[in-house]
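Novice: The chain contents come next:
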Amino acid sequence: MSENRFVQPVFYGRLRRLLPLFRRDPLVAADQVTDRALITVVAILTFLAAITAGAAQFAVGTAMHWRVMMASELTVQLKPQGARSIDADIVRVSDILRGTPGITTVKTLSRDESAKLLEPWIGSASSLESLPIPRLITVRIDTDQPPDLVALRKAISDAVPAASLDDHRTWTKKLGRLSDIFLTSAAIALVLVIVATGLTIVFATRGAMAGNREIIEVLHFIGADDRYIAAQFQSHFAVLGVRGGLIGGGAALLLILALKIGSAASLTVDFSGSVSPGLLDWATVLVTFAVIVLVGLVAGVASRITVYRTIGRLS
Amino acid sequence: MQAFPYRSAGELVRFENVGLRYGVGAETLTDVSFSIEPQSFQFLTGASGTGKTTLLRLIMQALKPTRGTVVLFGQDTSLLEKDGLTALRRRMGIVFQDFRLLDHLTTYENVALPLKVQGRDEVTYRAEVTELLSWVGLGDLIHAKPPVLSGGEKQRASIARALVAQPELLLADEPTGNVDPSLARRLLRLFVEMNRSGTAILIATHDLGLMDQIEGARRLVLADRRLYAEASDV
Chain A
12 MSENRFVQPV FYGRLRRLLP LFRRDPLVAA DQVTDRALIT VVAILTFLAA ITAGAAQFAV
72 GTAMHWRVMM ASELTVQLKP QGARSIDADI VRVSDILRGT PGITTVKTLS RDESAKLLEP
132 WIGSASSLES LPIPRLITVR IDTDQPPDLV ALRKAISDAV PAASLDDHRT WTKKLGRLSD
192 IFLTSAAIAL VLVIVATGLT IVFATRGAMA GNREIIEVLH FIGADDRYIA AQFQSHFAVL
252 GVRGGLIGGG AALLLILALK IGSAASLTVD FSGSVSPGLL DWATVLVTFA VIVLVGLVAG
312 VASRITVYRT IGRLS
Chain B
1028 MQAFPYRSAG ELVRFENVGL RYGVGAETLT DVSFSIEPQS FQFLTGASGT GKTTLLRLIM
1088 QALKPTRGTV VLFGQDTSLL EKDGLTALRR RMGIVFQDFR LLDHLTTYEN VALPLKVQGR
1148 DEVTYRAEVT ELLSWVGLGD LIHAKPPVLS GGEKQRASIA RALVAQPELL LADEPTGNVD
1208 PSLARRLLRL FVEMNRSGTA ILIATHDLGL MDQIEGARRL VLADRRLYAE ASDV
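So the sequence lines, in the order shown, correspond to chains A and B.
In terms of my numbering, the first sequence has 137 at position 126, counting the first letter as 1, and numbering is strictly consecutive.
In terms of my numbering, the second sequence has 1028 at position 1, counting the first letter as 1, and numbering is strictly consecutive.
Looking at chain A on its own, in the form it has when it is part of the complex (with noise of 0.2 Å):
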């Protein structure tokens, strides 16, 4: 051996005699172009599924909220009519309401409340002074134990004919409906971007493979049996997969913390005007990190099938 051969310094070279002995050797050789790249696809592809999932979470459970929100309020609508007072009517109605088991709150909105809700639509309180505005009853509800919507109903119009009770029933399920497109559509999006994680995979592989066929070949004449090369291709690229899954799926993670901390005040103000953390919660997060779980586990099958297949194909 010439002595120039091996210019490396003194604890490198000492290092380089004793890790032949100790370590590992992966017998499929390390492309770093082509790892590089396919960790790359791989977290970007992990980010986009951990994302789409995480913000599918968000807005089902942020849906849901409202709707319970919504179930749990009922609004009572009296309109001006004729010679009728409109206050003695409140009265009325709320005297009726305060007394029906299942009803915890009862709070009349005033006129300037009401006219200040038409604002948008018909502009400023004063030019609605002279409009007949109808007034507003909101009621909270005890959930677990509902009053008779039919019955009380039926009290309310018996006692005040222009007043009408909603139960919100047309939002809910609405709002029930658009849930399900928010998780229809993020689920869609999540098998797509799986499929994509696993083509990318398998691509990978059958590429590595196929440029590996001349070490494949080698190894089979030393008598190494398909599930050892199988086993030495499929930890290689399960690995990959795993840390492109990591990787993105972790920057997603982080993503979804940020917004989780710096937006608990001001994206979670529900209907009523008070403040319900939790929204984006640790379900979240949960499903995110179940994400990048799913990713790791496509790589290790999409890789494993295919380093099946091209095995028998290449022996």
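The set of hints was computed from the structure by calculation and includes no laboratory data.
Positions of the beta carbon are idealized from the N, C-alpha and C atoms, including for glycine.
Check each hint, because a few of them may be wrong.
[Unchecked claim] If you anchor each label on the Cβ, the simulated ranges turn out as follows: (1) B/F1100 to A/R324: 24 to 34 Å; (2) A/L210 to B/E1220: 33 to 43 Å; (3) A/V312 to B/Q1240: 54 to 64 Å; (4) A/A262 to B/E1158: 26 to 36 Å; (5) B/A1114 to A/L297: 19 to 29 Å; (6) A/E228 to B/Q1102: 16 to 26 Å; (7) B/K1091 to A/S246: 28 to 38 Å.
With chain A held as given, fit chain B onto it using these hints.
Specialist: For chain B alone, coordinates are given in the frame of chain A:
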């Protein structure tokens, strides 16, 4: 020169009327019948293109015969499952003409590979691999990778890899084709040593000088697509 007679008992390799055709053309090998006895030493020779490498590939089961029977270690290869084939290959050592070392592994790792793929723990073979590398003159190069080795060093690493599992049969395709005469003699001595310790040797070569160095070695000659035996003293 006469067609090699068929023998039946105790052979490591037995070919019976083997023919091989690539595609639809004429046969590359025709009616090849021969056997290799345990602990025997033979050269496979013939002009370039007569099918020496093809015959070796038939023995190592890289090719399937178009017709005839190939029996390895007493087993008809046409009936072999994959696991059975792997078991047979573990009883052979192969020295490729182009070495076929894995460039990303060190010399030590390349030579230890046949033991590693058998699932053996490195602790059980570390010493013997290191000793074998010293024996073939590569003791100082165990950490070097093939791209920095010379042709002769690669050849010796390739031979060491073929010998490390102490095979019953060693197939070597032009093992001295890339080295100078003195190194060729040294490599040949390696094969003789292995033969003495019980390994049957089949060396494919067209180097007459090399064959003359081993007295009594059988010569299998390929010519006109057929196999002939020139001498069969072993």
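Novice: Holds or violated: the 16 to 26 Å window for the beta-carbon distance between A/E228 and B/Q1102?
Specialist: holds, 22 Å
Novice: Indicate whether the distance between the beta carbons of B/K1091 and A/S246 respects the range 28 to 38 Å.
Specialist: Holds, at about 31 Å.
Novice: Is it true that the C-beta distance of B/F1100 to A/R324 lies inside 24 to 34 Å, as the hint says?
Specialist: With a Cβ separation near 27 Å, B/F1100 and A/R324 satisfy 24 to 34 Å, so the hint holds.
Novice: Quick check: does the Cβ-Cβ distance between A/L210 and B/E1220 fall within 33 to 43 Å?
Specialist: violated, 53 Å
Novice: Does the beta carbon distance between A/A262 and B/E1158 stay inside 26 to 36 Å, or does it fall outside?
Specialist: violated, 51 Å
Novice: Note whether the CB distance of A/V312 and B/Q1240 lies within 54 to 64 Å or breaks it.
Specialist: holds, 56 Å
Novice: A range of 19 to 29 Å was offered for this pair. Does it hold for the Cβ distance of B/A1114 and A/L297?
Specialist: violated, 49 Å
When the structure is compared with the earlier hints, violations turn up for hints 2, 4, 5 and for no others.
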